[in-house]
Amino acid sequence: MHREKEAVREKKQHDEGIGWDGKTLREQLEAVEDQTEATDHYAGFEKLELKQDNPIQYEQMFSQLRGDLVSAREISKEVAATPIVEQEGELCYGLFTPEGDSIAVSTGILVHIHTMSETIKFMINHDYEESPGIEPGDVFVNNDTHVGDVHACDIMTLIPIFHDGEIVAWAGGVNHVIDTGAIGPGSMNVSQASRFGDGAMYTARKIGENLSLYNSWLKDYPDNTRTPDFLKLDERTRMTGCLMIRDAVNGMIDEYGVDQFKRLSREAIEDGRRGFENRIQKTMLPGTYRGVSFVDALYEGQNNLTREYADENHLMHAPSELHIREDGSFQVSFEGANKWGWHPYNCTPAAMQGGIWVMMTQTVIPNANVNDGAYYSCDFHLPEGSWANTQNTETAHAYAWHFLVSAWAPLWQHLSRGYFARGFREEINAGNANTSNWMQGGGIDQFDKLHAVNSFEVACEGTGARYVDDGEPHAAAIWNPEGDMGDAEVWERTEPLPFLGRAVKPNTGGAGRRRGGSGFESMRTVKDVSRWLLYNMGNGYMSSDSGLFGGYPASTGYILNAKDTDLKERFENGEDYPQHDMDPGSGDFESKIDGEVTRRPEAITTPEGFDDYDMYLNYLRGGSGLGDPLERDPEDVLSDIHDGYVLPQHAEDAYAVVVTKINDEAQHNSAVQGEFELDEEATERLRAEQLEERAEKAQPVSEWYEEECQRIHNEEDLIDDVKKTYESSMRMSKQFTEFYHEFWKLPDDFKFTLSEKAEKSLENRFKSGFKRKWDNHTKGHETWLNVGRDDEPQVPYTWSADRSIQQLPDSEATFETQPAGATTDDD
Amino acid sequence: MPESYPREIIEDLVDDNLEWNELHDMMSSFKDADRFQQVRDVLQERVEWDDPIVLPYADHLYVVAKSEDRWLIKCDCGHEFCEHDENWKADALINVRDSEEEYREIYPKDMHPHPEYMELREFFCPGCNTLLEVTNVMPGYPLVHEFEPDIETFYNDWIDEPIPTPEGQSA
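Chains as they are written, first to last, in numbering that gives the first Met the number 0: chain A, 0 to 826; chain B, 0 to 170.
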């Protein structure tokens, strides 16, 4: 360490930067960008000399790095104490070039391949080399979403790796922490309207040198969380991993020489770029793929909202267009996305760009050669001011995944259409689940300590149906390919929420020739707590994942809680009590408990008090279906009933399969009671009838279209929340407006009539303007900079009681001279 | 990694007769270079009409060549929808599920979208009544045109092969 620092000091004395050949890091980043742009090859590497001349060594070096990163993850996660990391593996590591491009990554939560990359580029672009300095042994932390992150609870540690006075790489690690000190307990609170309720935010901060953390840092962050001990161990986890990676790089340089390492780091990225485009050309069709997804965020009438103006419903509109170019590169567009909102589901470009890799690594690039090379093959069109790219540091992002996962859902269908056309049927996936409910909360726990919980049972979901088979039941969430539900006993150690039951949940997977994988549910109670809060989080009024080729979307969520129950008496008396909610319409749950039962089709609640023996259903979603359900083998539907995947009453309506109950008591491989047998003849008759009935009930699209044109024109049967969403997208996008008007034959000046409240809601957000985090952008940002509206004010801003922006009339004016409004603080 | 699978394996893939371990091997291997041509050839044998298949477009749907420069979207039942670059849904039959009662046929109570916020549009082939696509959108949403393949670039630049024509000649 001392020798490394000396070498850097010497360079500085000669007015040289820490980059290669005396460049500053800023100069080096600009050179790489220029070379990439000029040649269409990463860093101008038109030839992969190391790979061509010495392929064995190239593969050995890359595999070694990849192996070291995976080892760092597997070993360091044992340091952590949260089940989130230790059970679910919610962490990942990356090795980056000095300019912040990822060379190789571990397994794990791969969204952060690119978020860490953005953070390094932020530090370089904002002259961190000058202040606070980047030196051997320095330690940096970031969880600022607008710098490079998805949400504040993903905390990253970055350390530079030096050799002979030059920075040769960065090691970085991220993990999901249990609580970041948001306004409500849990890592992704949902009641805040702005950043100021998201939790403690550390903006690309230097927190140590000589691989030792500053006292000021050690005295700072533990008090910004309800779970300091967990966070301390999380930090040691990340440090352990980063130091393992640093040692591995130093070892590689000792073995092969620094020039060979530098060459490898460049070639691996260019190789990743070429590999991506090559694979796309081998497996996809060039052309344009389109889809759309939605998700609801219902806040009207919620308790504990931090601002009155946040008391409204939001719907996410995500038009998704993928253009696969002739060279195999991608252009991804969300043109038409609606405005951001006063909710914690907004996204940054880093989140959106990171999100695509999570899916890519499970589909088109399922190999070790994943790095920012693929990023250089993708242009992202993310309208500024939309929920997908707020460019306003006031917006909240604590649970960006609610929108992020929903918005990327159509990508599965885009890729599956490409696979289908090319004949790769084994790769087709109908689409993956919206991944909530997310059970969170906190208070004084069973050990009489302040505590927060964030149940990562949600890392286990049903996956979308494949073309060649049903979706995997209760398998993994799309954002963590290695996740699972975790051991109930481990959750009970860290959560004062004993399990009453855990079972596959019927009808959660979408119907289809291939059924979507089923989700599951856990019935929890509360024990030995005081001032305890819990909340629900998920999609209730909308499915965000579609089916494919005639399959149906997965089911939506709902809320089932019970308070002031007689559970304790039932335990004491040895009486029956609810362990499941297999069929929400059956009344079974209500028949086994007395208390104040809340059962609602919405899926979001803000934190509210729960006490001992209250109950909470945590229901995790299924995947979407594929193909016409009438083509499903009737025997498979019978198995679905016995396995708890489909309720018996839905066999006829959804699948046209007739079953008869032959035994009330028998129990197969599920919590569903009874044995059934298939009536083959009746099924054959019913299927023939349903096929005929379809044609009788349906109408030609041409007829329907004319009726719909009239309906839209007259605004019939369209509620305010829906019309507000369309108006928001139209105000965001001239292209979407033209598309919408043209499709429904509407006059050019058509606007939906909105309620006064909806008008005010749009006004206050559209007038809030941009408040950007980045003073200096990278070339990679150019594909989304200035995309979308061109009339958004870019001014320093304040707000009055109605949050309207105060424009300064001239350069001499100050806000103090403006008419005073009742300025409010925030969360 | 096979450069090319034997014809019978591809037939089993198309006919849904492969065992899970065979499918798993297929998923784990590098992709075979001639899959497109092999699957297209098997599909051509399976359909009961003679129009040459240009592309498998979606389950049951194909882009077929009617002449050297005219390609249509066609169902395997023989129903012809529209030009290859138009939205076939405009020529389909539609049923919209937008009530609690209609949702409850498929989903249990409270586990379906709210009818005022989202409707399910079911699109059927007018020829065989097969359910070809279900879309879930906000009420009032335009029809989505999901896929516009660039057939010329694919054949000319990606696989370097003539585009099929009714006469069996290159375009």
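Just so you know, these hints were derived from the structure itself, not from any lab.
Positions of the beta carbon are idealized from the N, C-alpha and C atoms, including for glycine.
Hints should not be assumed to be uniformly reliable.
To be verified - Once the Cα atoms are required to be at most 25 angstroms apart in a straight line, the calculated DMTMM-like pairs of lysine to aspartate or glutamate come out as: (1) K281/A with D97/B; (2) K696/A with D90/B; (3) K108/B with D642/A; (4) K744/A with D97/B; (5) K744/A with D156/B; (6) K108/B with E595/A; (7) K756/A with D156/B; (8) K231/A with D582/A; (9) K770/A with D747/A; (10) K722/A with D97/B.
What the hints assert, rightly or not - Derived list of chain A stretches under chain B, where covered just means 3 residues or more per stretch with a C-beta under 8 angstroms from a C-beta of chain B: (11) 143-156; (12) 423-429; (13) 490-497; (14) 539-546; (15) 550-559; (16) 703-714; (17) 737-748.
These are the hints, each one checked on the structure:
no.: 1; hint: K281/A with D97/B; in the structure: violated (41 angstroms)
no.: 2; hint: K696/A with D90/B; in the structure: holds (16 angstroms)
no.: 3; hint: K108/B with D642/A; in the structure: holds (20 angstroms)
no.: 4; hint: K744/A with D97/B; in the structure: holds (23 angstroms)
no.: 5; hint: K744/A with D156/B; in the structure: violated (38 angstroms)
no.: 6; hint: K108/B with E595/A; in the structure: holds (19 angstroms)
no.: 7; hint: K756/A with D156/B; in the structure: violated (54 angstroms)
no.: 8; hint: K231/A with D582/A; in the structure: violated (43 angstroms)
no.: 9; hint: K770/A with D747/A; in the structure: violated (32 angstroms)
no.: 10; hint: K722/A with D97/B; in the structure: holds (17 angstroms)
no.: 11; hint: 143-156; in the structure: violated (count 0)
no.: 12; hint: 423-429; in the structure: holds (count 4)
no.: 13; hint: 490-497; in the structure: violated (count 0)
no.: 14; hint: 539-546; in the structure: holds (count 6)
no.: 15; hint: 550-559; in the structure: holds (count 7)
no.: 16; hint: 703-714; in the structure: holds (count 5)
no.: 17; hint: 737-748; in the structure: holds (count 4)
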